[in-house]
Amino acid sequence: MISQSPTGSSSRLQPGGLAHSPEEIARIPLVGTWLLVGANFFLLVPFFYAFFLLQSSNDNHAFKPHGVHPPSLAIGTIALALVLGSIALTSISVPRLRAQTTLSSFVASGWVGILLLVGAVVAQIWQLSHLGFGIVDGGFASVFVALSVFYTIEVGVLALWLISLTNRAGYESRHPIAVMDPQRSSVESPTPITALATSYLIFSCFLAAAGAISWVVLYFL
Amino acid sequence: MSQTATLGGRSQAASFSPRRLFLSQNLLTATIIGIVTGLIGYWLGAQLETTDNGDAGILLGYLVGSVGFLVGLGFANELIPRLLGRPVSVEVKADAVELEAPSPRNWTRYFGISLDHKVVGIQFGVGVVFLFFVAGFQAMMIRTELLHPKGGPWPAGQYTALVGLHGLLMMFVATLVIVATFGNYFVPLMIGAKRMAFPRLEALAFWLVPLAAIILYSSIFQGSGGGFPTGWTGYAPLAVEARAGMDGYIVGFSFIGIAATIAGINLLTTIFTMRAPGMSWSRLPIFVWAMVAVEFLSVLAPPVLATTLALVGLDRSVQSSFFLPSNGGSAFLYQEMFWFFGHPEVYIFVIPAFGIALEILPVFARKPLFGYRLAVAGMVGVAMMSWFVWNHHIFESGIAPGLRPFFMTATEFISIPTGVVFLNLLGTIWRAKIQFKLPMLFVAAFFFNFLIGGLTGVFLSDVPLDVTLHGGFFVVGHFHYTIVGGEIFSLYAATYYWFPKLTGKMLNERLGKLHFWTAFIFFNTTFLPFFAVGYLGQPRRVPVYLPSLQALNVWISVNAFLFGFSNLIWLVNIIYSWAFVKERAPLNPWNSRSLEWQLPTPIPADNFQRIPTIVAGPYEYGNPTALPVAEFTPGTAPVPAS
Amino acid sequence: MSTRRHLIVPGLVWAVLSIAADLTLTHLNLPPGYATTTAAGQSVTGQVFSMISATVGIAVVVFAVYFLVVFRGRPGDAGDGPPVRGDVRLQSGWLVLSTVIVLFAAAYGSIELEGQVTPQLVVPASQYHSAATRHPLIVQVIGQQWQWTYRYPQYGGFESPVIRIPANRLVQFDVTSLDVIHGWWAYTLGIKVNAEPGVNNVGYVYALKPSRFIVECSSLCGLWHGYMRNTGAQDGEVLSQSAFASWVKGAQRYYGPEDKYLPKFALVYYPSPTTY
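Chains as they are written, first to last, in numbering that gives the first Met the number 0: chain A, 0 to 220; chain B, 0 to 641; chain C, 0 to 275.
Where hints are given, some of them may not hold.
For lysine to aspartate or glutamate, the following EDC-like pairs were computed, each having C-alpha atoms within a straight-line distance of at most 20 Å [to be verified]:
(1) Lys436/B with Glu335/B
(2) Lys248/C with Asp258/C
(3) Lys436/B with Glu582/B
(4) Lys149/B with Asp258/C
(5) Lys259/C with Asp234/C
(6) Lys436/B with Asp76/C
If you want the ones that stay clear, here's a sample from chain C, every Cβ over 10 Å from chain A, calculated [to be verified]:
(7) Gly32
(8) Ile110
(9) Ser125
(10) Gly197
(11) Arg211
(12) Pro256
(13) Tyr269
Derived list of chain B stretches under chain C, where covered just means 3 residues or more per stretch with a C-beta under 8 Å from a C-beta of chain C [as the list claims (entries may be wrong)]:
(14) 33-39
(15) 360-367
(16) 413-424
(17) 541-555
Think of the hints as simulated: they come from the structure by calculation, not from any bench. Ideal Cβ positions, reconstructed from N, Cα and C, are used throughout, including at glycine.
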C-alpha cells in the first residue's frame, strides 16, 4: 500500500489533503491515552516499590508499629467496588456507542458512572478521616495514606473526564458534528465521540486495574 | 490584517493602554495572579503544618501559585467549555511569522500561549538557552572556588548549594534543549504534518519551564544560606532534613519532569498518527527516529521522579517516613527510586544528540547515512537497555551482591548500541565529499568528545574501578564529556544548521569558526584533566582538596573561564546575526534533501497548504535517479525512467 | 585511490600509536596503588581498561581523522558522494567485535569483583587457610554529620576517632550511619562503602604492608561534607600486627572509660524512640 522503495512514484497513495484526515484525527486521542497510561503506570510504581522495600527491610520494626492495623476493609472494598462498577458500566456503554449511533443511552450511563465515581471518592475520604493512625505512624501508614490520597485524586480527575465526555455526547446528540473532507476543505474535523469515548475507556480500565492491585497490596499483603 | 494565534481569537494589537494591560490575559497579569495565589497557598499550607518548619506552606505556595500563574496566562480558558462538552479548536489562525524583524504585531505571541509548534519551539529555545548561560555562570563560580585548595569566596554550605544549582539547572537544560526546541519545531515539518497532536499541552510544557526556573532560584532566598544542600540528586534523608531551599528543588525538578513527559506524549503521538502519506518508517529522518526513541524514555521515566520527589515533600512537610529508617523508612529506597528515573534521564540527554549528529552528517558528507537501520536499532536499543542499568550509580550502597555483576554487565552491554553511531560516522564519511561548513565541524567535534565520554563510562561501569572512581571528579569528567561534549556540541551544530530556516539569516562565518575552535580546544583542555584529578582521588562537591592537586585545578579553572568565554561568542553570534544582519539566507543553503528545507522561509503558520506526499527518503545523496523527497502537488513527481 | 590503501595507511598509524600507548600504560603505576589487595586489583584493572580504551579510541580517532582529511570535498566540486547505504558484513563484524570486547571487559570485571567482595578471595592465595582469614578483624565504621568514628567490637567495643588496622590480616568493615547517607572512602586502601542509616554495609580489606591512608566522605552529607575526613594527625594507619596489638591495648585504656556512656554495640543504631 505504501511504497517502500526510495524512488517510488506516488500513484498508489491517496494524496495528502488540505487538512489532516478524520482517521488521523480519531487516532490522536487513542495514542495519547496509551502514552498517558504508560506515564501514569510509572507514576504509581514507586508507591508499590516503596511498600515492598519498606516491608522487607522493616527498619527499626517500624513498618507497622504497635497500634497500626490495616484500616476498615469494608470501606476500602466499597470504594473499590464503586470504581470498578463505574468502569464496568463504561466498558459496556462504549462498545455500544461504537456499534450504534444513538447517544442518549451513552449519556444516561455516563451520569450513573459519574455518580459511582463520586461515591467512591466520598467513601475514600471518609475512610481517610477515620483511619485510626496517621501518616506519621511508620512505613505502612505512609504508603497507605499517600497512595490512597493519590488514587482518590486520580479517581476525582477521572470523574471530571467522564463529565466532560458525557456532556460532549449530549452536545453532539443536539448538534450533529459535520465531518469535513480533507481533499476539499482545510478546516479540520472535530474529534469523533467514539475516539474520545474509547480513550476514556482505556484510561479508566487502567485506573481500575491500579485500584484493584492497590487494594490487594494494602489490605492483604 | 493578521490575527495572532491567541486563544479565543483575541488579537494582541500593538497598543498598550493600561486597561488592556491589566485586564487581558498576558504575562504581567499572570505573574500577579501567580504571586497572589502563591501567597494564598502559603497561608493554606501554614494552616496544615504539623511542625513549624514551614515546608507545607512553601510547597503549597509554589504549587498553588504555579496553578494561578497558568490560569492567569489562559490555560484554564477552555476548562469550562470542555466540561460542558463543547469541541475546542486547535487551529492557528495566523499569517507567516516574520522572525527576523521583531515587531509588536508578532513578538508578543512568544510571551503567551501559542498553539503554533514553531512558536513554542522558539520559546523553548530562547528560554532554555538562557538557563544554560545562567547555569554556566554558576560553573564559573564553582571553578573560582576551586582555584585554591583551601576553598574560595564561598563557604562550604554556599558552595554545595552552588554546585547543586549549577547541576540541577543544567539538568533542566539538557532534558529539554534539543527535544523541546528542535523536536517541537522540526518534527512536524519533517514528517509532513500541519500541526502537532496536542498544541495546548505543548504550550503548557513550555510555561512549566520558567516556573520551574523561578521556583528553583527562589530557593536561594530560603532559609539560612539558601539553596539546597544535596546536589542535583537530592538524596534523602539529607533532603528531608534540609533547610527550606529544598522545597524549591522538589517543585522545580518535578515541573521539568512533567514538562518532559508532556512533550514526550505530544511528540510521540504526532509521529505515530500524523505522518504524511508515504512517510513510512524506513523513510523517517534519523532525527525523528531519535525523537521516537527518546520520547519513550521521556514519557515513562520522569513520572517516577515526580512521585519520588512528592514522597520527599511528604516526609518534609507532614512527617511521613518514607526515607527515615528510624520510623520505618529507608534511605536506600530513595536511591533506588531516584536512579531508576535517573539513568533513563541521562539517555534522554544523549539520544537526541545522536539524532542531530546523524541527521546533519549526510548533508555535509553528501552521501546517504551509512547503516540507517543499524542506527535506528542502536538508538532504540540504547533506549530499551537504559532501563536495566540504574544500579551502577549505587554500586557501593549495599545492593544485593549478586546484582552487581548483572548491572555491570548490562552497563557494559549498553556500549554496543551506543558504539554503533561511530560505525555510522565512519561509513558515511568513507569516500564522501565532505564540506567542512560550521555544522559539520561541530558534528565532528561531537563524535570526538562522545568517544572519550563513552570510553570513560566503561571505566565507571567496572565495579572494582568504580570503588575508586565513584564520587570523584572522574565521574564529573565522564558526564561532562557526554553531556556537554556530546549534547551541547550537537546543540551548537543544530543551531548553525537550522538557523537559516528558523530566522532567515545565516550565522556569521568568522564568528562561528572562532566559536568552534575556542569551544573545541578549551572544552577539551578543561575537562580532560578531570579524569586525572578524579583518578588521583579528588572528591566531587567538595570545596577543598589536597594541595598537590592545585596545579591541575588552576589549569582547569583557567581553561573553564576560556570555555565559558567561547560560549559568549556563540551567544553574540546568535544575537548579532538574528537582530543586526540584514542579508537574507538562501532557502536551502546546505542543499539538504530533508523536507523542512523544501519549505519557504519564514514557514507558513500551518506549515503546508496541502499535506505533501512523500516519495523518497531524505538521504538519497549521490543517487542519480532519486526523486525529491516529497511532492507538494499531487501527481507532479517525475516517474523515473525504468 | 584503492580501498586497501585507504585502510592500510590509517591501520598502520593506529597500530603504531596504540602499541606505543599500551606499552606506556603497562609501565605506569596507576592509582590507587598497591597498599592492599583490593587497591592492587583496581590498579591492574585500570591498566587493562586503559589499554583497551586506548586501542579502541585511537582506532576510531585515526580512521575518522584520516577519512575526514582524505575524503574532504575539493573546492569547486559540488557533487555528491557514492550512494553507499550499508554493508552487512561490515556492520555484523562491528557488532561482533564490540560484543567480544564488552564480554571480555564484563568477564574480567566480574572475576575481579568477586575477588574484592568475597572475604576468602580478598586474602592472597597463600593465606586462604590461615588464621588471618578465619578470624578477621571487625571494625565498625560509624558515619555521622560530620565525622567518622570507629568501634572495635572484638576489643570491648571501644569507640575511637582514629582508625588503625593491622597489616596482613583480613579486616571486615561494618559501615553504618547515624543520620544521612555518607560514603566511607579510604582511597589508598581501595575501599569505598556507603554509610547508610539503618543499614550495615560490609567491605573487606587485606593490607599488604604498613602505610598511612586518608579517609574522605564520598557522598554529599550536608554542610561540612568536604571536611569530614581523617587526614593529617588523624590519618588512618595500617600498622604491623604487633604495633596494632599495642595500639589496641592503649586505646582500650584511653577510650574504654567512655563505653558506659555509649549505646551497646549493634550493627545499626537508631535514635531513641520517637515521640511527637
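Evaluated hints:
1. Lys436/B with Glu335/B: Status violated; Cα separation ~45 Å.
2. Lys248/C with Asp258/C: 15 Å, holds
3. Lys436/B with Glu582/B: Roughly 19 Å between the alpha carbons, so the hint for Lys436/B and Glu582/B holds.
4. Lys149/B with Asp258/C: It is violated: about 36 Å lies between the C-alpha atoms, which goes past 20 Å.
5. Lys259/C with Asp234/C: Status violated; Cα separation ~27 Å.
6. Lys436/B with Asp76/C: 14 Å, holds
7. Gly32: Non-interface label on Gly32/C holds, nearest chain A Cβ at 36 Å vs cutoff 10 Å.
8. Ile110: The claim holds: Ile110/C sits with its nearest Cβ about 30 Å from chain A, beyond 10 Å.
9. Ser125: 39 Å, holds
10. Gly197: At about 4 Å from chain A, Gly197/C fails to clear the 10 Å cut-off, so the statement is violated.
11. Arg211: The assertion about Arg211/C holds, with a minimum of 36 Å to chain A.
12. Pro256: 29 Å, holds
13. Tyr269: Not fine: 5 Å to the nearest Cβ puts Tyr269/C too close to chain A.
14. 33-39: violated (count 0)
15. 360-367: holds (count 4)
16. 413-424: holds (count 7)
17. 541-555: holds (count 3)
Comparing the model with each numbered hint stated earlier shows that hints 1, 4, 5, 10, 13 and 14 do not hold.
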